[in-house]
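Each protein sequence line maps, in turn, to chains A and B.
Residue numbers for the first sequence follow our numbering, so the first one is 1 and each next one is one higher.
Residue numbers for the second sequence follow our numbering, so the first one is 1 and each next one is one higher.
Take the hints with a grain of salt, since some may be wrong.
A pair counts as met if it fits within one copy or between any two copies, since identical chains are not told apart.
[Claimed, not checked] With a cut-off of at most 30 Å between alpha-carbon atoms, the simulated BS3-like pairs for lysine-lysine come out as follows:
#1 K379 with K424
#2 K424 with K328
#3 K328 with K423
#4 K362 with K44
#5 K396 with K424
#6 K469 with K67
#7 K44 with K328
#8 K143 with K68
#9 K63 with K379
#10 K71 with K379
#11 K469 with K71
#12 K102 with K87
#13 K440 with K424
#14 K44 with K469
#15 K143 with K102
#16 K102 with K67
#17 K423 with K461
#18 K68 with K424
#19 K63 with K28
#20 K304 with K423
#21 K240 with K440
#22 K28 with K396
#23 K440 with K71
By construction, these hints were calculated from the structure, which means they are not laboratory data.
2 protein chains.
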Amino acid sequence: MPEVSMDLNMVRVTNGDFLGKAEACAPKLIRTAVHPQRIVEIRKTEAVHPEVVWRDRIENLSKYHLKKGDKLCLDFGDHQVGYVTLKFASVGSPQDAPAFFKVKFGEIAKEMTEDSADYDGWISRGWIQEEYFHIDVLPAELKLTRRYAFRYLEIEVIDTSLKWALVLEDAAAECVSSVRMDDVQPVESEGEVIRRLDRVGLRTLHNCMQDVFEDGPKRDRRLWLGDLRLQALANYATFKNYDLVKRCLYLFAGQTRDDGQVSACLFTEPEIIVDDTFLLDYSMFFGAVLLDYYDASGDLDTLKDLSACAYRQMEIADAQFDENDLLKAGEGFWAFIDWTDGLDKQAAMQGVYIYCAKRVQKIAEILGETAKAEVLKAKWKARAKAALDALYDEEKGLFVSGPERQINYASQVWLVLAGAVDKKKGGEILERVLVLNPEKGMVSPYMNHHYVEALLLCGRKDDAMDYMKYYWGGMLSHGADTFWELYNPEDPSESPYGSSIVNSYCHAWSCTPTWLIRTYFV
Amino acid sequence: MPEVSMDLNMVRVTNGDFLGKAEACAPKLIRTAVHPQRIVEIRKTEAVHPEVVWRDRIENLSKYHLKKGDKLCLDFGDHQVGYVTLKFASVGSPQDAPAFFKVKFGEIAKEMTEDSADYDGWISRGWIQEEYFHIDVLPAELKLTRRYAFRYLEIEVIDTSLKWALVLEDAAAECVSSVRMDDVQPVESEGEVIRRLDRVGLRTLHNCMQDVFEDGPKRDRRLWLGDLRLQALANYATFKNYDLVKRCLYLFAGQTRDDGQVSACLFTEPEIIVDDTFLLDYSMFFGAVLLDYYDASGDLDTLKDLSACAYRQMEIADAQFDENDLLKAGEGFWAFIDWTDGLDKQAAMQGVYIYCAKRVQKIAEILGETAKAEVLKAKWKARAKAALDALYDEEKGLFVSGPERQINYASQVWLVLAGAVDKKKGGEILERVLVLNPEKGMVSPYMNHHYVEALLLCGRKDDAMDYMKYYWGGMLSHGADTFWELYNPEDPSESPYGSSIVNSYCHAWSCTPTWLIRTYFV
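I would like the entire structure built from these sequences, with the hints used as guidance.
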């Protein structure tokens, strides 16, 4: 089911000073030449994920004389984000017709076996990474102008002519990121899975760190506030690129709706424009990201500059509370929390409010704005009490959400992370919800991350590590080079978009194992 | 059935001096800005050719907000050859996905109603003029790098997203030719059809006159010797661009097979290379084109330079004759004559030999090479006699061809054009073949042209004009802006390639009405 927001009457307010500061922090992208490692064949199997089989050495590339219908799949050895150049020639008689071929990119092998013609989902099929080219005169160097996210690149020759064949003489990528993998030491651990979780999380983060923190370099290459929060945390433990976080904070504060609410996401090309999607959890997280940034960087100027924006988000959230200090559900796509169909988000959002209000209170304290801090403190305290009074089901020992008193993971996790209960009680709640395994489970790695973070907050390190191995380790077992936007261990082909061909397989909100391992385990 | 030649062992011999002279005659293309005239809708009907219906004024272009599946068809008012630039923008929410669309070009309306997915012919589907584009950031100006031949341009939006629509703000073409339409006065005639035959022939020639005389600017954009002969003749009566003919003659002579035979066609990009297709009629025509060029231009230096090449083609043809001075059929795709399936080409080729030998004899005479001229004269005389003795069926009053004594149009036409019979007898033969209407008819406008030329040679001007009105006028009745590669008045959808979607609808060998009218009728 599509979850989109549109508000064509939205009025945007721009702060030129803030946008100037964002621009000053724009990274100079680091460009790295990457070459394919081998020629492979990707074969469908009974399993969800296909087999990748060695076909030939890359040195033999130009020995393949490609005619109508022929395919050639190159493996670039790891997940890459960049610009591809292909060198083509012809063999046989002179080229008496245009070369016509398709180039398809896949972040994972599964995409290469999926046919875009079958796609019928609600997200734009424009995201499927395939292009059609005609080349009138060979030999030719084809510089693809778009950026792709990929490990695999397949050429499929649609036609040459009866008289000649196409040869791919060389393929190369110029890969981009605002950071370098080499600048971060791998974690030292005896557990191979732990080292891989770290490495793959790090690669995920690296490939999403571009001109801004993108959610995913395949899709939708955009700065989202909720994703930024996790990326920034992982970045402080690894690449420590503070300027990129600062840039993103200033971008969000640099253009808001006329009521001051920060958008859930924004675009930087052709020029900055914030989207007309507003998710209350994401807006509130602005303050949390700001405080995390200050804690990591010590940059008091930015904290001062942007504190008003953080305060404003909490005021906007106030309007959502009823007289009993309970947050009311909004209309339509009002909050994110998770992709779970039919998820009642009310209790989880009560948790997100408390979580953020505590952090914004701290900002006020740091800046000496005592009255502001006191107001925030009073509010989250009342709302934490309201959560316990009205949302905690004593009999079940779990939080319930909304008019149907839905029991779901998200409510437990966010009210634990909010500190609505102490660590002992929180641990018990998390244990109980696992045993109950409610129908409204966790879909996104984003939600799964918060579950693990809640376990760690409650001191349950072993459970947290076991879960990371189960969940992110599951992606590893399917061959992930970067962590995915979506993963359901019980249904690895699940997608909220109607088809997994548009899924993003390098998604920043999934990068957190590198942060969790480095913060809690080494 | 595919008719292609391949000879990968062919040895090419290059004459750098000749290629230098060809290069010195390269035209500077004239570039003209052309804009679409109106927005149209092309509707299939019961007839072979669809209806083109006015949809909107071009000024309203940007009022169309294009979503998934929407199409917009622009009419550029006439057949164009050039480079297209499209300006796109988005409306609605910010562009949250790449714009993905198809651009399709059609020389005639029928192409726009044909689905390339249905194409299953033997010629490369790479010739179908459609492209797929993704645009990541709007607004954007899209400069299509390839050259297209078209009157109609259709945008089909494959996807945007649920939140925005694509707008085509402007479309323009930079059209190219080595000559200007304005430099030639239209023929003065009271007959509207005659004026249109001239105009459409002229436009056809204009759009094929590029860096060389192309056979067709859609397909296959290449210099063919047989086509060149007719283009050059039409050019002398109209644009009078002698250098372009000179260039093409030097290109053919500038690279040949090691036995000196000129190729049927050649490529100029990325550098000159002659094809491995050899058609004996086309090779022999080298001399005819050379003499026509000299007659039109008076350029004796070129005649001297290239006479040896013209002589050589006739020597190569000698090897094809048997002891009775009859030309033997070759193997495979050895001669062109026409596309007619199962056509026996022996008698027609005997005619082509005589036709060309007479002209090459004249070259020798002009250059004072008397002995050479005498030899050629003796040969064509003997071969003309052999044609009458062995190929003329007295009872039927028609020429027969090959071991099966096939009666076809081509034999009559070429032996008449060769002067194997006098004008009176020639006229009777042409009358008889029309009455008999043999199964092996005429398929290409190229063959039909020679039929009309034969009528004119025999003084049958009214028949010639009636036939032009029937044949080329038939294309006009289907809305032709330029004359087509192929046209069968009895089966207007016929194609030798398995589907008419790859047909060329601006084809130089069909341009001849402008020449015939200007030479014989005004």
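Quick rundown of the hints versus the structure:
1. K379 with K424: within (24 Å within a copy, 112 Å between copies)
2. K424 with K328: For K424 and K328, only the intra-copy Cα distance (28 Å) is at most 30 Å; the inter-copy one is 102 Å.
3. K328 with K423: within (26 Å within a copy, 100 Å between copies)
4. K362 with K44: neither (53 Å within a copy, 70 Å between copies)
5. K396 with K424: within (16 Å within a copy, 112 Å between copies)
6. K469 with K67: Classified as neither: same-chain Cα gap 45 Å, cross-chain 44 Å, threshold 30 Å.
7. K44 with K328: Neither: 47 Å inside a chain and 56 Å across chains, both beyond 30 Å.
8. K143 with K68: both (22 Å within a copy, 28 Å between copies)
9. K63 with K379: For K63 and K379, neither the intra-copy (71 Å) nor the inter-copy (51 Å) Cα distance is at most 30 Å.
10. K71 with K379: This pair counts as neither: shortest intra-copy Cα distance 62 Å, inter-copy 55 Å.
11. K469 with K71: neither (36 Å within a copy, 50 Å between copies)
12. K102 with K87: both (14 Å within a copy, 25 Å between copies)
13. K440 with K424: within (24 Å within a copy, 96 Å between copies)
14. K44 with K469: Classified as within; 26 Å inside a copy, 60 Å across copies.
15. K143 with K102: Both: 14 Å inside a chain and 20 Å across chains, each within 30 Å.
16. K102 with K67: both (13 Å within a copy, 24 Å between copies)
17. K423 with K461: This pair counts as within: shortest intra-copy Cα distance 13 Å, inter-copy 106 Å.
18. K68 with K424: Intra 66 Å, inter 53 Å, cutoff 30 Å: neither.
19. K63 with K28: For K63 and K28, neither the intra-copy (38 Å) nor the inter-copy (39 Å) Cα distance is at most 30 Å.
20. K304 with K423: neither (32 Å within a copy, 102 Å between copies)
21. K240 with K440: neither (36 Å within a copy, 81 Å between copies)
22. K28 with K396: neither (54 Å within a copy, 86 Å between copies)
23. K440 with K71: neither (43 Å within a copy, 42 Å between copies)
Comparing the model with each numbered hint stated earlier shows that hints 4, 6, 7, 9, 10, 11, 18, 19, 20, 21, 22, 23 do not hold.
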